[in-house]
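With chain Z fixed as given, assemble chain X onto it according to the hints.
Listed here are the chains, written in short residue letters.
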Amino acid sequence: MNGKVMVVTSGKGGVGKTTAVANIGCALAVRGKKVALVDADIGLRNLDIVLGLENRIVFDIIHAMEGRCRLRQALIRDKRVQTLFLLPAAQSKDKDAIMPEQMKELTSELADEFDYVILDCPAGIERGFKNAIAGAGSALIITTPEVSAVRDADRIVGLLEAEGIEEPKLVINRLRPDMVKRGDMLDIEDVIDILAIDLVGVVPDDETVITSTNRGEPAVLDGVSRAGEAFRRIAARIEGEDVPFLSMEAPSFWGKIKRFLGAGR
Amino acid sequence: MVFEFMSRILGRKNRPGSKDLAKERLKLVLAQDRVDISPQMFERLRRDLATACAKYVEIDAANMDVRFDSGDRTLALVASVPVIGTKRDSYNSRRRGNMG
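From first to last, the protein sequence lines are chains Z and X. Heads up, the first sequence is in my numbering, so the first residue is 171 and it goes up one at a time. Heads up, the second sequence is in my numbering, so the first residue is 411 and it goes up one at a time.
Since the hints were derived computationally from the structure, they do not count as laboratory data. It cannot be assumed that every hint is accurate.
Below, computed lysine-lysine pairings styled on DSSO-like, alpha-carbon distance capped at 27 Å [said to hold, decoys possible]: (1) 204/Z - 174/Z; (2) 274/Z - 174/Z; (3) 465/X - 339/Z; (4) 339/Z - 437/X; (5) 437/X - 351/Z; (6) 429/X - 351/Z; (7) 204/Z - 339/Z; (8) 263/Z - 182/Z; (9) 437/X - 182/Z; (10) 182/Z - 274/Z; (11) 203/Z - 249/Z; (12) 174/Z - 339/Z; (13) 204/Z - 249/Z; (14) 182/Z - 429/X; (15) 300/Z - 249/Z; (16) 433/X - 182/Z; (17) 351/Z - 203/Z; (18) 433/X - 351/Z; (19) 274/Z - 263/Z; (20) 182/Z - 300/Z; (21) 300/Z - 204/Z; (22) 182/Z - 339/Z; (23) 339/Z - 429/X; (24) 263/Z - 203/Z; (25) 174/Z - 203/Z; (26) 300/Z - 274/Z.
This one's a predicted model, so the numbers in the text were calculated from it and none came from an experiment.
So here's chain Z without its partners, still in its complex pose (with noise of 0.2 Å):
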C-alpha cells in the first residue's frame, strides 16, 4: 500500500489540532479507511485520551523507534472502528528524542500498510514541528478565526513552503455564526482572503466536542453533533468528493431547541 502521510498544524497552541487530528481520522476509518494516527508531541501525550485509548499503552513512538518494540506493537487498535490505530507520543521524553530522518523512516514504514498517516503536530515551530513536517507530503492547517492564530497560520504556510510542502490545506475551526453576523468575527471569507490557501472545511464551535471529548468519543462518532458533521465533510473532502459547505448561519430558535433537546441524550 502507498498511503498518504498527512501532518496536522497550526503553528499556535490550542486551536484543536489534536481534535480536528482524532475527528478526521476516526471519519476516514469510518468511511472504511485504514488510518493510523501518530502523536508527534513528544513529552505531551494527549491524542491518547482524547481518543480513549489512554489506558491501553504499553509501548509508544520511541519504543519503537528506538527498536525496543516492533511498530507493530506499539500501534493500538481504536476499540470503536476497527481500522483505526493511534501511535502514541512517549510522555517521558522530549521533543529531542527523535530525529527528522527518525520520522521520515517512520512514516514511510506506515504508509505502507495504511491508506492514511495521519501526524498530530506539536504547536510552535521548533524542533517538534520540523519532526512532524519531515515525512509528511500534504499538511492541513487548523486556524481559529482569531487574529492570533490568523497569524501563525500564515507562518506555517510560510515554513512548510519552505520545505517543499505545496498547497496546505485550510480548517476554519471553532466559527461563531452568531459573532460573524454581528460582524465581531472573521468570517471563512476573511480568513481565506488573508491567507491564500484552500478551504477544506469549516467547523462551527460547539459544545458537543467538549462533551465527547470527555467521553473519549470523537464527535464525529455522535450523529447529532455539526461539528462532527463537519469533520465528516472534511474526510469526505480529503476523499476527493465534492461535498458543500455545511450551512453556518446562526442557529435559528428552533434548532437551539433541537441542539438542546440533541446535546440533553
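Chain X in isolation, oriented as in the chain Z frame:
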C-alpha cells in the same frame, strides 16, 4: 441614566463590527511578517525613499506613510508621500545657473 443606557445600546448598534479592524490589522502585520525585514532596515528604506523623493519635489517627510501591503501571497511596497510644493523653479534656476 436612562439616556446613558439608551445611547449605549444605540452606540453599540452603530459601532462597526470589530472584525473589520481585525482584518485590517492582520493584513498589515502579515505584510510585515512576510517581508521579514528588520525595523532598522525598514527605517533606512523609509529615509532613502524620502531622500529620493526630496530630490524632485518638496515633501513633508514627517507625514509620509510607508508600509508593505499583501494580498494573495504577493507583496507591495506602498508609500504615500505628501508633496508640499514642486521644485520646478529651483530646478530651472539651477539649470540656468549651470549654463551661465
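Here is what the structure says about each hint:
{"no.": "1", "hint": "204/Z - 174/Z", "result": "11 Å, holds"}
{"no.": "2", "hint": "274/Z - 174/Z", "result": "13 Å, holds"}
{"no.": "3", "hint": "465/X - 339/Z", "result": "48 Å, violated"}
{"no.": "4", "hint": "339/Z - 437/X", "result": "20 Å, holds"}
{"no.": "5", "hint": "437/X - 351/Z", "result": "21 Å, holds"}
{"no.": "6", "hint": "429/X - 351/Z", "result": "11 Å, holds"}
{"no.": "7", "hint": "204/Z - 339/Z", "result": "21 Å, holds"}
{"no.": "8", "hint": "263/Z - 182/Z", "result": "22 Å, holds"}
{"no.": "9", "hint": "437/X - 182/Z", "result": "18 Å, holds"}
{"no.": "10", "hint": "182/Z - 274/Z", "result": "24 Å, holds"}
{"no.": "11", "hint": "203/Z - 249/Z", "result": "16 Å, holds"}
{"no.": "12", "hint": "174/Z - 339/Z", "result": "14 Å, holds"}
{"no.": "13", "hint": "204/Z - 249/Z", "result": "14 Å, holds"}
{"no.": "14", "hint": "182/Z - 429/X", "result": "20 Å, holds"}
{"no.": "15", "hint": "300/Z - 249/Z", "result": "31 Å, violated"}
{"no.": "16", "hint": "433/X - 182/Z", "result": "18 Å, holds"}
{"no.": "17", "hint": "351/Z - 203/Z", "result": "38 Å, violated"}
{"no.": "18", "hint": "433/X - 351/Z", "result": "15 Å, holds"}
{"no.": "19", "hint": "274/Z - 263/Z", "result": "19 Å, holds"}
{"no.": "20", "hint": "182/Z - 300/Z", "result": "15 Å, holds"}
{"no.": "21", "hint": "300/Z - 204/Z", "result": "25 Å, holds"}
{"no.": "22", "hint": "182/Z - 339/Z", "result": "16 Å, holds"}
{"no.": "23", "hint": "339/Z - 429/X", "result": "23 Å, holds"}
{"no.": "24", "hint": "263/Z - 203/Z", "result": "31 Å, violated"}
{"no.": "25", "hint": "174/Z - 203/Z", "result": "11 Å, holds"}
{"no.": "26", "hint": "300/Z - 274/Z", "result": "11 Å, holds"}
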